[in-house]
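Enquirer: First residue of the sequence shown? That's 1 in full-length UniProt numbering, and the numbers climb one at a time after it.
Simulated from the structure, these hints should not be mistaken for laboratory data. Some hints here could point you the wrong way.
Unchecked claim - Listed below are the simulated DSSO-like cross-link pairs for lysine-lysine, each with C-alpha atoms no more than 30 Å apart in a straight line:
#1 Lys369 x Lys404
#2 Lys111 x Lys122
#3 Lys122 x Lys100
#4 Lys193 x Lys122
#5 Lys123 x Lys91
#6 Lys340 x Lys374
#7 Lys298 x Lys346
#8 Lys118 x Lys175
#9 Lys112 x Lys62
#10 Lys123 x Lys112
#11 Lys298 x Lys369
#12 Lys118 x Lys62
#13 Lys122 x Lys112
#14 Lys62 x Lys111
#15 Lys340 x Lys290
#16 Lys123 x Lys111
#17 Lys369 x Lys338
#18 Lys374 x Lys298
#19 Lys298 x Lys338
#20 Lys91 x Lys118
#21 Lys374 x Lys346
#22 Lys91 x Lys62
#23 Lys404 x Lys346
#24 Lys374 x Lys290
#25 Lys340 x Lys369
#26 Lys112 x Lys91
#27 Lys182 x Lys193
#28 Lys404 x Lys340
#29 Lys100 x Lys111
#30 Lys182 x Lys290
#31 Lys298 x Lys404
#32 Lys100 x Lys112
#33 Lys100 x Lys123
#34 Lys290 x Lys346
To be verified - Pairwise CB distance ranges, derived in the manner of DEER restraints:
#35 Arg232 x Gly377: 52 to 62 Å
#36 Pro114 x Ala59: 32 to 42 Å
#37 Ile255 x Ala82: 47 to 57 Å
#38 Met277 x Ala82: 56 to 66 Å
Think of the CB as a built atom: it goes at the ideal place given N, C-alpha and C, for glycine as much as any other residue.
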Amino acid sequence: SSFVARTNTCGELRSAHVGQEVTLYGWIQYQRYMQDLFLVLRDFQGLTQILIPQDEAHACVKELLANAPVESVVRVTGIVCARPPGQENPKMPTGDIEVKAETAEILNSCKKLPFEIKDFIKKSEALRMQYRYLDLRSFQLQYNLRLRSQVVMRMREYLCNLHGFVDVETPTLFKRTPGGAKEFLVPSREVGKFYSLPQSPQQFKQLLMVGGLDRYFQVARCYRDEGSRPDRQPEFTQIDIEMSFVDQAGIQRLIEGLLQYSWPEERGSIVTPFPSMTYEEALADYGTDKPDTRFGMKIVDIGDSLRRSDIQFIQNALSYPNGTVKVICIPQGMRYLKNKDLDLLKVSARSQFNQEIVEIICRPDGSLKSLLTKSLGEEEQSELIQALGMQVDDVVLLAAGEHKQVVGSI
């Protein structure tokens, strides 16, 4: 690059660079003394091995770098050489070469650090936060920040270049607009007057639509004083979008396209359209409006299958205006749930929802084990197995009663 003093970064040198003179800047990752002195130099892009020979011509460089503490910042100028046969390191992108140092300079000598800058060394969260500037030297955090930057840039390309959105920065100091969380207040020079940090740019983006901007977005900082909730951040960043003359389906297509376009290639592709469900479907299948669909285990209504049974509590439940019989099937549940676990589930349903739960277990021979099997004929048992797709060791939890209570307990 024309505006930096180095000729190359530590992660880009390859066999094609052999014979070239290069200047590298970076941190000393570690040192190794053999017949010669070896250093590994690290920068934001990777690692390069530095060789300082034993001969008299390199004595000054060797003395300088041998006494440099690990994590010192140095400049090294030297010749790129191929590593001797058998000494290549396939785990390093630069493992086929090394740089024979001709001159060097210590730019900043490092004192003893509270922890080593190596990803495999475990550090406490408190120590990492205290020395955040050191923690940021790790490759994982460097990768995270650069990935975030790339994703945001791709989002800007998609919204601005492909769909005509306008990136507008809205004010950070605003009047108080009470919402779902407390607001951070900023004192002003005028006695008794304060600014408020916005929880979101809601009012501003609505004014932009009234002003005819049509399509707006912003990588917006938001501030919410939720100190009592440890799972919330006082400030966070969101992609804030507003459009005129659009419906729900249009917004969904935009967001799907945005994520598909900005998703990193190395993480695989995103298939659109995304699976969706209505609020009613979510409650019917999972009993909640924010289901975790990774586990399956949908709630199934088997009232029709058991309507002809002689089981009294089921008949009582079906006689209610909103009566129902619901089950969930836990695949291979007997491998994870012991009898005491099933008892705890029953106690929890009874104490929290005043609802009784009955378990049905599929034995290795394909028969069902339950308090209900004595009252169920072979035909009803077969219908139940088929309706739920039960396999050996599956556990079914059954609840009967008023719809809302049953769904909550299941």
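Enquirer: Does each hint hold? Answer for all of them.
Expert: Comparing the hints with the structure gives:
1. Lys369 x Lys404: holds (27 Å)
2. Lys111 x Lys122: Satisfied, since the Cα-Cα distance of roughly 20 Å is no more than 30 Å.
3. Lys122 x Lys100: violated (33 Å)
4. Lys193 x Lys122: This hinted pair is violated, its Cα atoms lying about 48 Å apart.
5. Lys123 x Lys91: This hinted pair holds, its Cα atoms lying about 24 Å apart.
6. Lys340 x Lys374: holds (23 Å)
7. Lys298 x Lys346: holds (19 Å)
8. Lys118 x Lys175: violated (46 Å)
9. Lys112 x Lys62: holds (21 Å)
10. Lys123 x Lys112: It holds: about 16 Å lies between the C-alpha atoms, which stays within 30 Å.
11. Lys298 x Lys369: holds (21 Å)
12. Lys118 x Lys62: Satisfied, since the Cα-Cα distance of roughly 25 Å is no more than 30 Å.
13. Lys122 x Lys112: It holds: about 18 Å lies between the C-alpha atoms, which stays within 30 Å.
14. Lys62 x Lys111: holds (20 Å)
15. Lys340 x Lys290: This hinted pair holds, its Cα atoms lying about 29 Å apart.
16. Lys123 x Lys111: holds (19 Å)
17. Lys369 x Lys338: holds (14 Å)
18. Lys374 x Lys298: holds (26 Å)
19. Lys298 x Lys338: holds (22 Å)
20. Lys91 x Lys118: holds (16 Å)
21. Lys374 x Lys346: holds (21 Å)
22. Lys91 x Lys62: Answer holds: Lys91 to Lys62 is near 26 Å, not above 30 Å.
23. Lys404 x Lys346: holds (17 Å)
24. Lys374 x Lys290: violated (37 Å)
25. Lys340 x Lys369: holds (16 Å)
26. Lys112 x Lys91: Given pair Lys112, Lys91 holds - Cα atoms ~28 Å apart, limit 30 Å.
27. Lys182 x Lys193: Answer holds: Lys182 to Lys193 is near 17 Å, not above 30 Å.
28. Lys404 x Lys340: Between Lys404 and Lys340 the Cα gap is close to 27 Å, so the pair holds against 30 Å.
29. Lys100 x Lys111: Distance ~26 Å between Lys100 and Lys111 Cα, so the pair holds.
30. Lys182 x Lys290: Holds, at roughly 24 Å.
31. Lys298 x Lys404: Status holds; Cα separation ~16 Å.
32. Lys100 x Lys112: At roughly 27 Å apart (the allowed maximum being 30 Å), Lys112 and Lys100 satisfy the hint.
33. Lys100 x Lys123: Distance of about 34 Å is beyond 30 Å: violated.
34. Lys290 x Lys346: Holds - the C-alpha atoms of Lys346 and Lys290 are around 23 Å apart, at most 30 Å.
35. Arg232 x Gly377: 52 to 62 Å: For Gly377 against Arg232, whose Cβ atoms are near 54 Å apart, the range 52 to 62 Å holds.
36. Pro114 x Ala59: 32 to 42 Å: Because 34 Å falls inside the window, the suggested range holds.
37. Ile255 x Ala82: 47 to 57 Å: holds (50 Å)
38. Met277 x Ala82: 56 to 66 Å: Since Met277 and Ala82 have Cβ atoms about 59 Å apart, the given range 56 to 66 Å holds.
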